[in-house]
Amino acid sequence: MDLIWQGLLKAFHILVTGDPEVMQITLLTLKISGIVTLLSILIGVPLGTFLALFQFPGRRFLFSVINTSMGLPPVVAGVWITIFLWRSGPLGYLGLLYTPTAIIIAQFVIATPIIIGLTSAAIQQTDPKMHLQIRALGATRFQYLWFLLKETRYSLLGAVIAGFGRVVAEVGASMMVGGNIKGDTRVLTTATMLEVSKGNFDVAIALSIILAILSYIVTLWFTFVQQRNRGGGSYDYGTKY
Amino acid sequence: MKQSLKRFRSLLVTTATMFALVGCGNSAAPAPQQSTPAAQPPTPSNPNIILATTTSTQDSGLLDVLIPEFEKKTGYHVKTVAVGTGQALAMGEKGEADVLLTHAPSSEKKLVDNQTVINYQLVAHNDFILVGPPSDPAKIKGMKTAVEAFKAIANSKSTFISRGDNSGTDKMEKSLWKTANIQPKGASWYQESGQGMGQTLNVTSDKGGYTLTDRATYLAQKKNLNLDILVEGEKSLLNIYHVMQVNPDKFPKVNKEGAKAFDDFMVAPDTQKMIGDFGKDKFGQALFFPDAGKKMEDLGK
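Chains as they are written, first to last, in UniProt numbering: chain A, 1 to 241; chain B, 1 to 301.
Treat the hints with caution; some may be incorrect.
Pairs of lysine-lysine residues, derived as DSS-like cross-links and limited to a Cα-Cα distance of at most 27 Å, are as follows [unchecked claim]:
#1 Lys222/B to Lys73/B
#2 Lys222/B to Lys10/A
#3 Lys94/B to Lys256/B
#4 Lys223/B to Lys10/A
#5 Lys10/A to Lys282/B
Anything over 10 Å on all C-beta distances counts as not near chain A; from chain B, calculated [as the list claims (entries may be wrong)]:
#6 Thr43
#7 Gly75
#8 Lys79
#9 Thr80
#10 Gly86
#11 Ser107
#12 Asn114
#13 Asn119
#14 Lys157
#15 Ser158
#16 Glu232
#17 Gly233
#18 Ile240
#19 Asp281
#20 Ala286
One side of the interface only, derived from the structure: several residues of chain B facing chain A at Cβ under 7 Å [claimed, not checked]:
#21 Lys94
#22 Gly95
#23 Gly196
#24 Gly198
Hint data in this document are derived by calculation from the structure and do not stem from the laboratory.
Ideal placement from N, C-alpha and C gives every residue a C-beta, glycine not left out.
Only chain A is shown next, with the shape it has when bound in the complex (with noise of 0.2 Å):
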């Protein structure tokens, strides 16, 4: 009980001090988590739109493939990344290994699947006479893929969420491909990983409350984007009603 104390004690300290390094490694955090989930919903979104709209050889497998690559070990992903990025990798001369666009690379490869099979789900899961209905009413092929994202906006943004929260709560491929370097690929749950090994337990419960606080507020926005137009239920925010 002490310790849960004291962890929650140092977690006020540092983040009413600003302590430094800790502000370093959440930006960074939330830097690659950003830029991995922007990413992913540029190229995730487009190609499970694709997926689902369109008739081709070998879109089961395709399907199968992405399914399975949506439960992707983040350390399956960690252990080919680093053998790719050695000196003596295939892109080895690329010199990216332990440095934050590995950490990228990494995390995309981890999310960009949510987003495709979340999104081609989203999609398919429409009424198909209400396609059949836009094209009648001579929608244009952008206007009509417009209006389909629209109409599914509120899943899409459950995708991103999916895609964010796996990100941000990611430390088994961080660790390998990032190597948990102090000012450069540190990030919280590395350095949560960390400060556990070297047993500043209050630390690390202060690190993991961050972490916690951060993906909150992140999602919470996310929430409130998704649910701004809706109204009613238990998540009307007044906007709109």
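Once you have looked at the hints, place chain B on chain A.
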């Protein structure tokens, strides 16, 4: 409908802006150590060095003291990858690291002999100790040798936690079992944590078991542990740290100058003094004993 479309668009824009802002927050590659312009450190052409080392140097806090000093002096940026000695040496063998700081002389010897590493220098030592619960079910307290104690632990089937990760400590432990002529692997009382020294001590304390640890990590964590030192002071339990450069002739991608600078730094008189003083203020005793220039055979005499 038009309105809601507009709203959705604005939503997308805010999302993008937020990420862009976060992205630009601390631009490009983070450059954490911008020292004052008065004392400009030299700027090496290839400023990044990868140091592969053992967890004990990081978990004890020693590197947090030494690395900033080295970076300030030389302008290099050290990327410390703290893993077990086994993995650190493997990284050296593949040319994935520039410089190594490890503590398994018998395994290191192979790399020295086949010229994977050069500039092999003795840095410091401390010692391994056998720790266990204060109740001491195997009654090993005060025994003269670790081998004797290991036999008692095996005979009483008391819980023993091994690192099991091929680290320097793990290698030492394995060699002690071998000397004791016991094959503990697979026995119900013998468990492997598969983690670094710090974490393994936590597990051992929690399970009320015995483990072999380096003194530095134990002292640094003592406040959280319900473990006492039970066997210590045997000469064969010395824990000896060496620094070495990965051979640039074998691996052209290695940062030759940076590795040499770090190698030299570790044995320089000022650094040696810092190593010797480290921990005295916090733990009342030194965690490492500086040994630069000595011979390994002369240690512990």
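Results for each hint:
1. Our distance criterion of 27 Å between C-alpha atoms is broken by Lys222/B and Lys73/B, whose separation comes to about 33 Å.
2. With a C-alpha separation of about 20 Å, the suggested pair Lys222/B and Lys10/A falls inside the 27 Å cut-off, and the hint holds.
3. With a CA separation close to 15 Å, the supplied pair Lys94/B and Lys256/B stays within the 27 Å bound.
4. For a cut-off of 27 Å, the pair hint linking Lys223/B to Lys10/A stands: about 17 Å separates their Cα positions.
5. Simply put, Lys10/A and Lys282/B have alpha-carbon atoms about 20 Å apart, close enough for the 27 Å limit, and the pair holds.
6. Every CB of chain A lies more than 10 Å from the CB of Thr43/B, the least distance being 18 Å, so the non-interface label holds.
7. Consistency note on Gly75/B: stated as away from chain A, and its beta-carbon is indeed over 10 Å from all of that chain's, at 15 Å minimum.
8. Remark: the non-interface label on Lys79/B conflicts with the geometry, its nearest Cβ contact in chain A lying 5 Å away (cut-off 10 Å).
9. Taking the minimum C-beta to C-beta distance to chain A, about 6 Å, the non-interface status of Thr80/B is violated against the 10 Å cut.
10. Distance to chain A confirms Gly86/B as a non-interface residue, since its nearest Cβ pair spans about 16 Å, more than 10 Å.
11. The Cβ of Ser107/B sits about 21 Å from the closest Cβ of chain A, beyond the 10 Å cut-off, so the non-interface label holds.
12. For Asn114/B, the non-interface assignment is confirmed: its Cβ lies about 17 Å from the closest Cβ of chain A, beyond the 10 Å cut-off.
13. Distance to chain A confirms Asn119/B as a non-interface residue, since its nearest Cβ pair spans about 20 Å, more than 10 Å.
14. Consistency note on Lys157/B: stated as away from chain A, and its beta-carbon is indeed over 10 Å from all of that chain's, at 28 Å minimum.
15. The non-interface label for Ser158/B is consistent with chain A: the shortest C-beta to C-beta separation is roughly 23 Å, beyond 10 Å.
16. Once the 10 Å rule is applied to beta carbons, Glu232/B is consistent with being away from chain A; the minimum gap is 20 Å.
17. Non-interface call for Gly233/B relative to chain A: holds, since the shortest CB-CB distance, roughly 24 Å, exceeds 10 Å.
18. With a least beta-carbon separation of about 22 Å from chain A, Ile240/B lies farther than 10 Å from that chain, consistent with its non-interface assignment.
19. No Cβ of chain A comes within 10 Å of the Cβ of Asp281/B; the nearest lies about 17 Å off, and the non-interface call holds.
20. At roughly 19 Å from the closest C-beta of chain A, the C-beta of Ala286/B stays outside 10 Å, upholding its exclusion from the interface.
21. This hint holds: Lys94/B has a C-beta 6 Å from the nearest C-beta of chain A, less than the 7 Å allowed.
22. Interface restraint check for Gly95/B: the shortest CB-CB distance to chain A comes to about 6 Å, inside 7 Å, so the restraint holds.
23. Hint status for Gly196/B: holds, given a least beta-carbon distance of 5 Å to chain A, under 7 Å.
24. Checking Gly198/B against chain A by beta carbon gives a least distance of about 4 Å; that is within 7 Å, so the hint holds.
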